[in-house]
Amino acid sequence: MFKELDPILHSQLRLAVISLLISVKEAEFTFLKEKTNSTAGNLSVQINKLKDAGYIDVTKQFSNNYPQTICRITSKGVDAFEEYVKALQSYMNPNGK
Amino acid sequence: MTETESLKLINEMIGKAKRSYITTGAASIVWGILIVLCSLLTWYQVYTKHFFDFDVWLLVFIAVIPQIYFSVKEKQKKKFVSHDERTMTYLWTTFGICITMLSFYDSKFNPNSATTLFMLMYGIPTFITGGVFKFKPMIFGGLICWVLSIASMYTDFAVDMLFMAACGLFAWLIPGIILWRRYKKQQAC
Chain A
1 MFKELDPILH
11 SQLRLAVISL
21 LISVKEAEFT
31 FLKEKTNSTA
41 GNLSVQINKL
51 KDAGYIDVTK
61 QFSNNYPQTI
71 CRITSKGVDA
81 FEEYVKALQS
91 YMNPNGK
Chain B
1 MTETESLKLI
11 NEMIGKAKRS
21 YITTGAASIV
31 WGILIVLCSL
41 LTWYQVYTKH
51 FFDFDVWLLV
61 FIAVIPQIYF
71 SVKEKQKKKF
81 VSHDERTMTY
91 LWTTFGICIT
101 MLSFYDSKFN
111 PNSATTLFML
121 MYGIPTFITG
131 GVFKFKPMIF
141 GGLICWVLSI
151 ASMYTDFAVD
161 MLFMAACGLF
171 AWLIPGIILW
181 RRYKKQQAC
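Chains A and B supply the protein sequences, listed in that same order.
Under our numbering, the first residue of the first sequence carries the number 1, and numbering increases by one thereafter.
Under our numbering, the first residue of the second sequence carries the number 1, and numbering increases by one thereafter.
Don't read these hints as lab results, they were simulated from the structure.
Owing to the predicted nature of the structure, the values given are computational and were not obtained by experimental measurement.
Among the hints, a few may not be true.
To be verified - Computed list of lysine-lysine pairs in BS3-like fashion (alpha-carbon distance at most 25 angstroms, straight line): (1) A:60 <-> B:79; (2) A:51 <-> B:185; (3) B:79 <-> A:76; (4) A:51 <-> B:79; (5) B:184 <-> A:33; (6) B:8 <-> A:86; (7) B:73 <-> B:108; (8) B:78 <-> A:60.
To be verified - What follows is a list of derived Cβ distance ranges for each label pair: (9) B:8 <-> A:7: 42 to 50 angstroms; (10) B:101 <-> A:10: 29 to 37 angstroms; (11) A:52 <-> B:7: 21 to 29 angstroms; (12) A:52 <-> B:106: 55 to 63 angstroms.
Don't be surprised by glycine CBs; every beta carbon is placed ideally from N, CA and C.
This is chain A alone, in the form it adopts within the complex:
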């Protein structure tokens, strides 16, 4: 039986953002934009979707008089990512070998 893929994560940009955030403790919006080669508008929309799902925390602050958006993955996001990878593996290797 195949596990269902999480629709929140099964999107190119959202999956890219979660994969980056799982690798670091926290990251700035500009870091995510640079690494995913996305536009600010699209990235902002996808970050909000991840935030609404409770997969990431978003903090807005000022640093040297410039606005700064910091993103970090939540424990719910880590669990969802792990489940997503397990589900992918079940698709890739249906016999479980």
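Following the hints, complete the assembly by docking chain B onto the known chain A.
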């Protein structure tokens, strides 16, 4: 997006994040230069019996200023915080406190074996940092500190100072230069 594409994307992003963990190595270079310089100046004084009017090891405390400057500058430039950063901060702060305490102990009691203890201490954060970041030059540097620490139990003070200069060279100066070159290479890309 197919399953294969998803896995490829995950791997690609994790790889990109990993490759972003790059430091200038400036703090390591400054610390390395000072240890090499102070050790060689001390060796020169003992060897020539020509002693300076000041303690050259006080220069090490001056190194704290550029260390803080480079750390703050690097932190301002960074757009992410890695999982290991907190561990590294505590590790190197512990090292700084222990080295300061050992320096006071050395100046108060003047034990013959203090250089052995200093080199033993140098190896600890260097080896751990190298291991955590899988950076072989620092693993190698940490091991050299410990080997020279053992060797210094059988040598006189002047030779110990040459060993200490070698510790500064292999534990910090050379790894620092390698990190600096990597940083410059990445900046050029």
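To see whether the hints hold, each was checked on the structure:
no. : hint                               : verdict
1   : A:60 <-> B:79                      : holds (14 angstroms)
2   : A:51 <-> B:185                     : violated (36 angstroms)
3   : B:79 <-> A:76                      : holds (23 angstroms)
4   : A:51 <-> B:79                      : holds (20 angstroms)
5   : B:184 <-> A:33                     : holds (23 angstroms)
6   : B:8 <-> A:86                       : holds (15 angstroms)
7   : B:73 <-> B:108                     : violated (36 angstroms)
8   : B:78 <-> A:60                      : holds (17 angstroms)
9   : B:8 <-> A:7: 42 to 50 angstroms    : violated (19 angstroms)
10  : B:101 <-> A:10: 29 to 37 angstroms : violated (55 angstroms)
11  : A:52 <-> B:7: 21 to 29 angstroms   : holds (26 angstroms)
12  : A:52 <-> B:106: 55 to 63 angstroms : holds (59 angstroms)
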